[in-house]
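In terms of the UniProt record's numbering, the sequence shown is residues 1 to 108.
Any given hint could be a false lead.
[Unchecked claim] No more than 25 Å apart at the CA atoms, straight line, and that leaves these computed lysine-lysine pairs for PhoX-like:
#	residue 1	residue 2
1	Lys-90	Lys-78
2	Lys-27	Lys-107
3	Lys-90	Lys-107
4	Lys-107	Lys-78
5	Lys-67	Lys-90
6	Lys-27	Lys-78
7	Lys-6	Lys-107
Simulated from the structure, these hints should not be mistaken for lab results.
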Amino acid sequence: MFIFHKDTQLDDLGNGVTRRILAHDGKMMAVEVMFEQGAIGPMHNHPHEQLTYVLSGEFEFTIGDEKHIVTAGDTLYKRPHIMHGCVCLKAGTLLDTFTPVREDFLKP
Numbered sequence: 001m002f003i004f005h006k007d008t009q010l011d012d013l014g015n016g017v018t019r020r021i022l023a024h025d026g027k028m029m030a031v032e033v034m035f036e037q038g039a040i041g042p043m044h045n046h047p048h049e050q051l052t053y054v055l056s057g058e059f060e061f062t063i064g065d066e067k068h069i070v071t072a073g074d075t076l077y078k079r080p081h082i083m084h085g086c087v088c089l090k091a092g093t094l095l096d097t098f099t100p101v102r103e104d105f106l107k108p
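The whole structure should be built from the sequences, with the hints applied where relevant.
What follows is the structure in structure tokens.
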């Protein structure tokens, strides 16, 4: 399967956060998430496993009881149901991979 950037849709989530759904099938999904400086990814949890790769920028991430600053090249793992969120310290982009697919992201 090939997913071309020009064929994807950029969704404005508000408050300085945009999201682009990339390749996905029934078992996994890749999502690009862009943050303006100061934007917040509120604390939340979900039943999916999630890997986050920092493409650019600087973020303060909280996963469970741990809090760290991450930058380009860093990777984060979030097990199912763990509380997590972030604050964008310098504008940047994250690449999230979920398993299984986030069906809630695909609903209109």
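| query | Which numbered hints does this structure break? | reply | Number 3 - this is the single hint that the structure violates.
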